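S.K.: My request is simple: use the sequences and hints to build the entire structure.
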Amino acid sequence: MKPPPLLTSFLALSGTAEIKLMQADNFDLHSFQTLTGTMFMMITQPNTPESAETLRGPVYELYADYVLKNPFHEMDQVIKAELFDSHLVATLSASNRKWGAA
Numbered sequence: 776m777k778p779p780p781l782l783t784s785f786l787a788l789s790g791t792a793e794i795k796l797m798q799a800d801n802f803d804l805h806s807f808q809t810l811t812g813t814m815f816m817m818i819t820q821p822n823t824p825e826s827a828e829t830l831r832g833p834v835y836e837l838y839a840d841y842v843l844k845n846p847f848h849e850m851d852q853v854i855k856a857e858l859f860d861s862h863l864v865a866t867l868s869a870s871n872r873k874w875g876a877a
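FYI, in the numbering used here the residues of the sequence shown are 776 to 877.
No lab work stands behind these hints: they were computed from the structure.
Since this is a predicted model, take the numbers as computed values, not measurements.
Where a beta carbon is used, it is the ideal one built from N, C-alpha and C, also for glycine.
Treat the hints with care, as some may be off.
To be verified - Computed spacing ranges between beta-carbons, pair by pair: (1) L843 x D800: 14 to 22 Å; (2) M850 x D800: 34 to 42 Å; (3) Q852 x P824: 29 to 37 Å.
M.R.: Pasting the structure below:
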């Protein structure tokens, strides 16, 4: 099965199978990978690339503080850290207010 033409042209332009930004009519899908290999995906309003860039640092800090420093977290497992979740929700809520999202 072939990938959609848009995805094919994106992969050809980037020279890699790693998708950092995929734009659709109704949303943008951003991804970034940490040094430990954890992949974060963010769905934002269309044409707001700076919103994902602005969030990348704070999300990584929360990940480092509440996941990587957790002695009970095992790499390659689902992140189950209540403090990470609550701080992430607060960070995203503040970002939504800043960017005027619901």
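S.K.: Next, verify each hint and record whether it holds.
M.R.: Hint check results:
The hint said 14 to 22 Å for the Cβ distance between L843 and D800, and at roughly 36 Å that hint is violated. Between M850 and D800 the beta carbons are some 37 Å apart, a value that agrees with the proposed interval 34 to 42 Å. In this structure, Q852 and P824 meet the distance hint of 29 to 37 Å, their C-beta atoms being roughly 31 Å apart.
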